[in-house]
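J.: Taking the hints into account, I'd like the entire structure generated from these sequences.
Number of protein chains: 2
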Amino acid sequence: MKITVACAQVRVQPGRPEVNTRKALEYIEKAKAEQVDILLLPEQMLPGYLLGDLWEQKAFLKDCESYGKDLIAATDGICVIFGNIALDPDHVNEDGRIRKYNAAFIAQNGKLLRGGLPYPFISKTALPDYREFDDSRYFHSIAKLLPELHPDTIEDLVRPVEVTIRGEKIKLGVFICEDGWTENYYYNVPALLCKNGAQLLCNISCSPFTLQKNRKRNELFSAQAKKCDLPLLYCNCIGIQNNGKDVFTFDGCSCFYDKDGSLLADAPAFEEALLTGTFDTRTGHLSSKAPVHPMLNETEEIFTSLNYGGREFLKQLGIHKMTIGLSGGIDSAVTAAFYVHILGPENVLLLNIPSQYNSDVTKNLARRMAESLGTNYAVVPIQEIIDKTVEQFNSTRIHNFATGKEQTLQVSPFALENIQARDRGARVIAGMASLWGGGFSCNSNKSEMTVGYATFYGDIAGVAALIGDLWKHQVYALGRYLNEAVYHKEVIPEEVFTIKPSAELSASQTVGKGGDPIIYPYHDYLFRAFIESWYKDAPEEYLSWYLQHTLEEHIGCERGLVDQLFPDAASFINDLERWWNLFCGLSVAKRIQAPPILAISKRAYGYDHRESQLGPYYSRRYLEMKANVLK
Amino acid sequence: MKITVACAQVRVQPGRPEVNTRKALEYIEKAKAEQVDILLLPEQMLPGYLLGDLWEQKAFLKDCESYGKDLIAATDGICVIFGNIALDPDHVNEDGRIRKYNAAFIAQNGKLLRGGLPYPFISKTALPDYREFDDSRYFHSIAKLLPELHPDTIEDLVRPVEVTIRGEKIKLGVFICEDGWTENYYYNVPALLCKNGAQLLCNISCSPFTLQKNRKRNELFSAQAKKCDLPLLYCNCIGIQNNGKDVFTFDGCSCFYDKDGSLLADAPAFEEALLTGTFDTRTGHLSSKAPVHPMLNETEEIFTSLNYGGREFLKQLGIHKMTIGLSGGIDSAVTAAFYVHILGPENVLLLNIPSQYNSDVTKNLARRMAESLGTNYAVVPIQEIIDKTVEQFNSTRIHNFATGKEQTLQVSPFALENIQARDRGARVIAGMASLWGGGFSCNSNKSEMTVGYATFYGDIAGVAALIGDLWKHQVYALGRYLNEAVYHKEVIPEEVFTIKPSAELSASQTVGKGGDPIIYPYHDYLFRAFIESWYKDAPEEYLSWYLQHTLEEHIGCERGLVDQLFPDAASFINDLERWWNLFCGLSVAKRIQAPPILAISKRAYGYDHRESQLGPYYSRRYLEMKANVLK
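Just so you know, the sequences run in chain order A and B. Per my numbering, the first sequence starts with residue 1, numbered consecutively. Per my numbering, the second sequence starts with residue 1, numbered consecutively.
It does not matter which identical chain is meant; a pair holds if it fits inside one copy or across any two.
Computed cross-link-like contacts, PhoX-like style, restricted to lysine-lysine with a CA-CA straight-line distance of at most 25 Å:
(1) 58 / 602
(2) 69 / 626
(3) 216 / 227
(4) 195 / 144
(5) 213 / 259
(6) 405 / 489
(7) 626 / 62
(8) 363 / 388
(9) 144 / 62
(10) 500 / 363
(11) 405 / 321
(12) 405 / 363
(13) 626 / 58
Just so you know, the hints here were simulated from the structure itself, not pulled from any lab data.
T.: Written as structure tokens, this is what we have:
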């Protein structure tokens, strides 16, 4: 028999079960109209997934359960598999709150079907507790259930669900998101489902976008389908969800794999879609008329995700207008061009905010950019207020009530740099934004965030850091992409790509001289290793690789660069410790108070990469190696 | 035989195993000098506990293991039980990184003793994943080990450790922190240890201070000792540890319970100590010459914890001086008096920063406070800069490059309030602090944090929010305590306690009129329920309690107040939704960028109470009730 199967790749709005229920019902009706027999909806379709501790709120949980009943009631003539929270009010989680499962419900004709559990739902088996995921914080697990249920093994509990379609019985191997990412878990859920008789594997997910993640998923899921000799349906949602410090996009990219592991069809990224196919129960083959979309390169992926995420996040916050400080440098240029693309030029206000240290070069570049973007632009000079502030501070009489003495203090050159940065951010941009309406932008990139090259309440401020998860070289590439593929003209002037970066906060930091001590072709890659390497490489590894002449291949920077920059170990160590101290030191304090970041990498600052303020640590082996080499 | 047992209540410095190793070795020597037979050191003695994702760094983990060997080597003639990370390099955690356990090592004469595991350590069984705890993110669990080890049940793995003291064998029931908090876990570890033959229960902990927590621990641990009919040693560390957004203090309060459950002795709070006692193997009784310290009341507990935590946190950050904005209101008064107590009056700079809206009353109060504290004081008026800013903003010509038209915008009264707040915080306080040296203070309290009554980059700024986990009524009580019990004089003038709170940001917000819309005797308790109620009560519960006339007892405010404030349901609903919308709305964005909070309550904003930006949600039942009652 031929069965029509479908994935409803829908937009999920976290924390709004009433909105998500309407969406699910809409897609159930669509599926019915297309004679779909089995419809998949994403993991946590009704509540959303990244909810923080809203997962503890009883009223919310009960609502999700109640809306779930509405969905179940709408399944006459169709089998619908949807993700929702499952409550067991008779038991508690280990935190003492109502017991809950990250569950899949399989409903048909208004009734729920069962798998291997003594409950009318399937529970997620593999609960991820890394990166932005906190499943064990919220959800009970089958592993914890085992001693209560007394089965021989977990294998007895992970069973397919038998559904009857037009008189024929089919065993669906339903599993949830991480259950398909079997690499490091003891139980291989798809293999267990297969062993227990599944005829079709159905994975429902709520899986955030990460650069290169779909390639990895294709490898893993395709191998599973092949190994099980079963077709696999993968249903993921779209939308954005956040964990406070990080905003994640969900790209969907729902797809079908046939039993030989081949990718048959996929849904477009970041769009709602009903992806349909035909499962032949006789041959066990899956087929689909839908296309397979081409893979994007890195910059295309970055643009697509930030474009979607930036747009959706502003929409969610109710922000329709943005104010952006435009220095003439690459970071603010890319951010400005991006927001103009997202909101339209009429809704963006670009501010050039010069002091005496800003060059005509950058001021003109800023103006040219605003002109080519056709947007709103103003120049707000700060020198007068800076001068008055310095004068006020230098003349402020501090009275000591113990001694009766008075003193004055003097603004140092370093203090003056931060005074300028805060005047731009907290006085001008925040102030003008409140007049213009909407929010204002944080233009910091990931390289700066890594070492805290930004001023508290100055440039690390705003509603979101759109390019906060991009290394400097990715910012440049995105700038080129905006010119070439989005605007099809040079909205970001060529000079912005070629001038040496400078903060222009003092006479020694100028566009000609530079003044930015980060050597991006090397440090971008070193810093990336600081945060993105899976085993969290530390100075011990970097020094040892330097000494073995393998550092470049380990961190991925250009060959030959390291020897050129650091002809001797002392200079290498000096540089390494300078940045490591900043990475583990003051920059952590800055990141704690930084705006939310649009997360796209395999490790973003914020809730994805959790940090305590501890200060730098150097291991025994590092200190020994260092002592040896500097002897 | 009589055996000398001891708890080394030591200061643990998170992320610094070399420092902690020196400390542990020092206490092992002390214990040897006092002929101690069995010495307990705290959970995660060497690495510390709240480390964020430093738990992923291989070099750090290997160092902890290596320093652990130093400790083991120092155990000639003594049995030492200490917490450390245990690595299993042959296996991976579910995240694919090296497998690690939150472990207790039991060492004697340079060798490790075993319990029920096939490893030379004891693993924590109950892994907390609530509040600030993320054990499952980092540590492998016995539950996950079960299918690999194939025992019949977990009970086979949770066994006492047999140690030989002067020829006599004693079975020690060693367990780690949460294993003693058995309320909601399936396995009762102390009961299993008892069943498997333990003669003495030894709990090593790294347990943060929370108001009232020691009372609860005494109840639970005493009941366990009694039920098992075994004495119980509880060893906790002191120090501070943080999770980025929250700084936790560790009060120690290590103690001994006899087998009848009675509390025999305890170590002083927030001090290092070697608490010793005698265990009689014949009678099974424990005894000690050490005293039991009296319990503190709430305000004493708050003062003690903040005093210790504030001091240690500044020390850790290397901050010896502080700048504090002093408005004349209670929050800045308490904060200022506290920092003067912590750092000494010579190191504190108090700034009164008046605009045209500040009254002589508050300006004089600020001056009187600085005088009575004998500290440094300056007045930095902002009206001139504010006027110039308004003039500059109002006259800034915004050019639209699409239409060629220009426009100007006008500063609104609301924008002006925020301009003043940011000028105080980001220009004056941050600027003057950079001249004075050290850091500056965030004076926000928990009531304001709940509803976002503070300005981004204005008053929610600084190195830490010392009173950020205190409700307004706790701030007042702490102010009284500082006057009466700390300074023994009125450093905070009486008027500061009695004037109506006002932000003094406009002509309508004055000291006489008030202008603060929060009615603290009611809203303090409502807001407390928003965040601190275990089941996260929501508008559904509040409205239903209001209608049942039980709201006051549920939230704990004064009787009679609710009817007086809200004679009809419409006014109640109006007020509730106003604050709930703020609590779930813009205030979340503000908390995401807020400074670290000194956490003392059972639920602090930050990493303890994790928040996504989602906006307010009202449940079906709430909306039905509301519709009914407003009909």
